[in-house]
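Working from the sequences, and respecting the hints, build out all of it.
There are 2 protein chains.
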Amino acid sequence: MLNFDFYNPTHIVFGKDRLGELDRFVPANAKVLVSYGGGSVKKYGVLDKVKASLGEREIYEFGGIEPNPKYKTLIKAVEVVRKNQINFLLAVGGGSVMDGTKFIAAAAPYEGEASNLIKSGLTQIKTALPLGTVVTLPATGSEMNNGCVISYEDGKFPLFSELIFPRFSILDPTLTYTLPQDQVANGIIDAFIHTVEQYVTFPVEGRFQDRTAEGILQTLIEVGKKTIDNPNDYDARANLVWCATMALNGLIGAGVPQDWSTHIIGHELTAMFGIDHGKTLAILQPSIWNVRKKQKHAKLLQYAERVWNITDGDEVSRIDLGISKTRGFFESLGIKTHLADYNVTADMIDDIIKALEKHGKRALSETRDLTLAVCRQILEGAM
Amino acid sequence: MLNFDFYNPTHIVFGKDRLGELDRFVPANAKVLVSYGGGSVKKYGVLDKVKASLGEREIYEFGGIEPNPKYKTLIKAVEVVRKNQINFLLAVGGGSVMDGTKFIAAAAPYEGEASNLIKSGLTQIKTALPLGTVVTLPATGSEMNNGCVISYEDGKFPLFSELIFPRFSILDPTLTYTLPQDQVANGIIDAFIHTVEQYVTFPVEGRFQDRTAEGILQTLIEVGKKTIDNPNDYDARANLVWCATMALNGLIGAGVPQDWSTHIIGHELTAMFGIDHGKTLAILQPSIWNVRKKQKHAKLLQYAERVWNITDGDEVSRIDLGISKTRGFFESLGIKTHLADYNVTADMIDDIIKALEKHGKRALSETRDLTLAVCRQILEGAM
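Protein sequence lines, in the order shown, are assigned to chains A and B. Heads up, the first sequence is in our numbering, so the first residue is -10 and it goes up one at a time. Heads up, the second sequence is in our numbering, so the first residue is -10 and it goes up one at a time.
These aren't lab readings, by the way, just hints derived from the structure by calculation. Mixed in with the good hints, there may be bad ones.
Heads up, the list lumps identical chains together, so a pair's fine if it works in one copy or across two of them.
[Unchecked claim] With a Cα cut of at most 25 Å, we get these calculated SDA-like pairs of lysine to any residue:
(1) K115 with P(-2)
(2) K314 with R295
(3) K115 with R156
(4) K5 with D(-6)
(5) K215 with L(-9)
Here it is, written out as structure tokens:
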């Protein structure tokens, strides 16, 4: 096992009918910015319930945080915060709203040029506004981690700071019932790939970490299709919500190698072609594993055996079956897994490679030997 | 899945050669009380390293915290803290030292009569001194939770408060290499039973929780005998240390029923006969499962299948085999599993029942139907 630090102070408030407890967690005299996305939280009444629960507190609203939240949108919220001396942020939404709100929390008290926070990370911040979240889309794990991904100019930038952990996150699975099927499917895949990025690497005797990762993957496989087909099945949805949180709160990645090449290449596909984040992962993962079978041999074999119960046949064929079952799982959720399905053609690969190069992504993966030439193979294999 | 809150702000510092980082976590101007147990931390040089790492800070020592730490011992440390205006506590040891130090942290600033904290719990405290831990014995999970068990008069009292979470815990598996085999075995069983108390109950669709619990149990089974036979095998010991922490930090018990009757009855056996805590659990658990097969049927079956890979035979025989394999595992670690092995005879059962009654333990388990009459059956079955 590798040495590690694990620290996660977010208070999770999980279950049915927990929105009313906002009053417990938001300071009584707070001036609160409630941030949200495209308006579904208005449409389905979540915003009204949030406001009712905040009672007499002074509330400001900032809607319109888009998927893959943009710096230029968020900076407008920063202005609202500064102008009104807002001192608590409440994100109501999915990963993009939570990520965007984390950036607002860091940028609002920052005295330098806010775009510096994107370019040089959040390491230079000394403080951030306190924030909480109400989760309406299970996927990114942002509700219980210290990261956010912000779109700036032509790239997506992951930023991290202990100062942007949410103070609390309310996870009421019933708030996610109204999500479109496609978004739920994207979320399932996002949580699945978060898990394998920290698990399908090389073995270091992280037995707890491996088994916890396998437990998340098995659970997502069991409940994925079920929760899409029956959105109001509480237990299926609750298991998805909790697994999505646990997949990226630092626990399963503590003390083991981490990959993240699927996400890094995927970010370019989102930035260039507007493909949903979850879908970019479903496209890339099978191809990455096909190309990286040798480096990931031991863990792919373990994955095939423990997650998919594949024990017959030689090692290579077990690994291949594990990969094809993974693709089959994504497709079973209604997600296409080839670049061609999204109108990305072979002649565009050069541009993707150039974008990766421009963003400094020349040596990816847990072994740092996934070069741009290997990226090309992966993209060709994902056609 | 049941509704739950999960909150755990302890910063874990895990791995080889981490003691030097104490300087990072203890405030530079702190007056520190270093608390420890019977002196093995002196003998093996851990205390010297801790003091070196604390540098110029003003250090006080309090040794002699015994197993099942006693109120009357701890209250002496409280006096030392008050007299010297100590403002940071550092526990160096195992569960008893950590538990005792947590109590000192709560009692030192408490203005009422300290024994009230035992009788009415820690709910009335408004503040506690900050504390950190350096773990030398993997077992209780105290390094990453908000509880402590204190011996007072003729009973053992579990106390809880969010204010006594350690700020940080340093878990360097190599610091545990010098432990006697017997203590390691006790620790393995303690972690194992912490896990089953939160897992072998009744099913509520807590899939992540179940699988994480199963992962801990499987890991303890895999590394238990190995780490006793080869104390210097880093990976085996590291897996034990991390599993012991994860077994009782709130994670696997969040959103699922919890039992704790093994611990509650076991506390009486320790208080009355001085049997090591881990050994009381090894004695009681097989008998509790034998007596409670009906109430725990579904989870015992799942346990037999997923933890012990028992899939052949009818359900009752699978459960029986799971129970006997559990007993066999404890015995393989050198721990005897019958009351008679500890010179407790059938005529003493009346007194144990009386003690349980006196301490108000009339309705135990996740279903609150484990009465004193059932306790008697369990104790008879544990002979």
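*Against the structure shown, which of the earlier numbered hints fail to hold, in ascending order?*
Of the numbered hints, all hold.
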